[in-house]
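Novice: From first to last, the protein sequence lines are chains C and L. Every letter in the first sequence is one number past the one before it in this note's numbering, and letter 84, counting from 1, is 84. Position in the second sequence (from 1) plus 1000 gives the number in this note's numbering.
By construction, these hints were calculated from the structure, which means they are not laboratory data.
Under 10 angstroms between C-beta atoms, here's a sample of chain C residues computed to sit facing chain L:
1. 78
2. 152
3. 170
4. 177
5. 192
6. 591
7. 595
8. 639
These figures come from a predicted structure and were not determined experimentally. Heads up, the beta-carbon is just placed ideally off N, CA and C, and yes, glycines get one too.
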Amino acid sequence: MIAYTPLLVLFPLAGFLFLGLAGPRLRNEKLIGIIGSGMVGLSFALALGILMQMLGSAPEERKAVVELFPWISSFTGTMGSFSVSVAYQIDQLSILMTLIVTGVGFLIHVYSIGYMHGDRGFWRFFSYLNLFIFAMLNLVLADNFLLMFLGWEGVGLCSYLLIGFWYEKKFTGDAAKKAFVVNRIGDFGFILAMLLIFVTFGSLRFDTVFAAASILSPGRTVMVWITLLLFLGATGKSAQIPLYVWLPDAMAGPTPVSALIHAATMVTAGVYMIARCSLLYALAPVSLEVVASVGAATAVFAATIGLVQNDIKKVLAYSTISQLGYMFLAMGVAAFGAGIFHLMTHAFFKALLFLGSGAVIHAMHEEQDIQKMGGLKKHLPVTYWTFVVGAVAIAGIPPFAGFFSKDEILWKAFSSDFGSWVLWLLGALGAVMTAFYMGRLVFLTFEGKERFGHDLHPHEAPKTMTVPLMILAVLSAVGGFLGVPKSLLGSNAIEHWLEPIFDPANHKLLITEHDIVWSEYVLMAVSVAIAAGGIYVAWVMYLKRTGMADRLAARFSRIHRVLLNKYYVDEIYDASVVNPIVTISDEYLWKGVDTTIIDGSINGSARGIGAIGSALRRIQTGVAQSYAVVFVGGIVLVVGWLLLQSH
Amino acid sequence: MIENFILTLTIFLPLAAGIVVLLLPSGNTRLIRMAGVAGSLVTFIVSLALYVLFDPARAGYQLVQHADWIPSLNISYLVGIDGLSLLLILLTTFLTPLALIGTWNSITVRLKEYTVMVLLLEVGMIGVFASLDLVLFYVFWEAMLIPMYFIIGIWGGQDRVYAAVKFFLFTLSGSLLMLVAILSLGYFASIVPNGHFTTNLVELYQVGASLPVNVQLWLFAAFALSFAIKVPVFPLHTWLPDAHVQAPTAGSVILAGVLLKMGTYGFIRFCLPLFPNAAIQSAPFFSVLAVIGIVYGALVAMVQTDIKKLVAYSSVSHLGFVVLGIFSLTEEGMQGAIIQMVNHGLSTGALFLLVGMIYDRTHTREIKAYGGVARLMPVYAAFLLIISLSSIGLPGLNGFVGEFLVLLGAFRSVTLQSPAYAAVAGLGVIFSAVYLLWMYQRVMLGPVREGGLYGGHKLTDLTKREIATLIPIVIFVAWIGVYPRTFLSQSALVSKRTVEYLQGVQRSAPAPLTMRAADGSMQELRSR
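Required output: the full structure, derived from the provided sequences and hints.
Specialist: Listed below in structure tokens is the structure:
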């Protein structure tokens, strides 16, 4: 089975090429939908087969590399010259990511058949989605940094194409470009990191690099540079401070895109990358601290913005940024397994929430303002119930999926050698806000009085949309059982599965398994109380005493305004970075250096030469021989002078 | 047998085609166009034989042809190719017919003369890449100026005369100094024991390296100035935007696609091996200029209001990568530079074709005049996107291969000794995305303009002829991006040997006064 690994990547590529080339002539939504979803489904089935084979073999036999052909190289054959192949690696981590990408991806493809019905770009949408799956699988299956970067940039391209999918609207083009450019700032870091890795380790293959790294001891400056530059890449792709600003705008894309790319898969690429490079981070404890701090700060920061947003997708977008913050917090406290666990559960419940919001938007005829909704639960029962499952899962109510993964992170943030009570407190603060804004979202959208016009008759979405919702709801409900901790008599299967991947890093960091202590139960109880408390407050504010939210907003109007305007970060970036660069380029470089200085001096000297020429016109005799004499004389002078110089 | 004259045949086939075109009746425009395209297509097909006959595993120049020209001065008609010239000749013969097909209806006045000029230009370009005698090289180098001058000056836009003269003077002022340097070099060859005046490049490789460093530096400077203007290297680039904006589409395509590479080609073929010590000493200087060009070109491209000017400035940025790669004096940098030359020829050539196609419809190049074109021209939108992405350096397409190898070469360069070059050049990665995607957004995305009118004209999507022009380019854009080995393996040996030679010189500094074999081909050539 493992030998067929390249097919995982080739199915969606074939789908993309076929739909991209033949799409305009197909004119049959059903056929396009079946091909688009089918290709991802095939990949998912194959990934399951590979997983079965891996489960049946010993842990040390669960890794394989399939090399296809040499890609970028100097091809000079010199020792130590650069060479990288297109090669795919199956191991415990990459197969898990592949299953998430293709599994959730398949469900979202199916959902899109209903959601995109009637769109004139139907074929284009599915070809882009297939291209995305292709790029994402390259990212997670690559056996070297450069191929991973191909996937990394490829998903960025698909993100660009899909955010700008409805390109005739003005805003989508801005949002798409912003996403790509901000990501490129991160990619700049990624590229420099790759250059450093190559000069340090002489290769970009994971195996070679990690083998060489495993004999190093922590504390080298170059490792700090490598890991921080990689992390810069991660903050771009995974929307962390300071490069998170593109993700909220990315909601301009169709909702299935928000679910697939901007919640479940692509934005987790940074987390995956750090997990993959855990050994490198273990060699740079300073970088781990940076990762943890940025993660925790982002988790809280984004959550505060999410508290007051009124656009259903914007709330979910800030929630995504916040949840990604938790994953980085986990990475930063060296709880790599917990981070990947949260990545998985988040993929389930956040995809569910986004798809649910899509069903709501669909029913409300493109309305996205939750202040203009309310009482939708009787119109959209399936959407309502699945959405509630997603909401309690993310809020951290046991036994839903989010509880186990988030609690694991909070516990590690507190107890790990790299954790602290400050990090835990930030995490807990984020958690209470998460519970609150999710409660607010549910109550304002589905409960209470209808606040929309009577001409609007919301109706439940078609089966192609509701069935994926139900499947994701089941996963959000039970997905956490893969990681029940020992303290709750679980076996923590997922962490156990990933152990071989993170062992080298844990070994380097001297991390050993802790015994169960009473404080773990205390913190667990606090977590649950926090989640329940947040939801309760939201219930009071938005259902019980309906005027309360407005009164609070009026009372703390300044804070409210700052939050509503997202701390004015976009405006600050524009004023401090974007506008100065444009002005300098335009006024100083182009009109200053190019036009005035360079061309000015050349035209000036041309005029000068012209003046000299009119003076010299008198010696212009018209006798060719005298010209030749002068010409040869000049050459002799120059050559003679050079000769004199050389002696 | 064919090996002996195939190169000469390739060089002069366009000339023959040009003569045929001259004999055609001026009134029959269709026939003239067909003859022009046919002539350049046949040249392309013949040039494929070069690819077949060339052996990338063999060092030195191949398919060499030698004929006496001025025997008393040992100036000869000497042509031959290595992997570098092979790639650039193929690029030339590939782009010329596409430039003619892609602008089928664009030229209406003096069509016959125009077609002849394009064909003559092709002769000059192939000749430049094939010459192994410096005087022969110089003749082709100057010869190609003339048709380009006329193409801009006669068939160009409003300010065509200013642009043509600027182009001519910039280039000529550099190349006159180069002529002096060539003659000096020949003279130096005659003053060594048993020496004689020669302009045979292979023989001169030994002479140049044996010169004292300060003499090397002067001669190097004379060559380098000429090449730096052609590339163009910052701050000698200001002729380029004017020339591009004024030139007709086919002129821009060939100018960007091929002519600029003659500068970077000159650095690799002449400056580095002829004056190794000077090249090593000035490597940091040129690398700094290259890095400035990368960032500067991108920033200035960003604020252009004219699409063609934007693409022209993007060339300054992209060619900066080539120069940086060359002067990193590493195998990766050299290989990256060479493939980046091909990439830039394809991508920017295609960009100019695309700009020309929409200009033919609307007669405006102002970005402001567009918006929402994607809705009306979806096929065009797809092509422009693919080519823009290739230019941005998206992995999987051609641009990335060159840029990454260049960055890696600069980063690990022993000569440059600082990762700062690569780090600053890496900023180009960000800015190229900004200016191209911003252009794409302003031209292609957003709502369709009122009434669907652009410059007073309705838009129609690409014709079959236009699509047929672009598809071959897109194929190579993807091919190089996914499997660059096909191309990089051609130039691997010449890159390796050039770099090894320079590194050897650098290790054994100060300047060697003894004779040094630059290249294995020297002996091989003598044995013929």
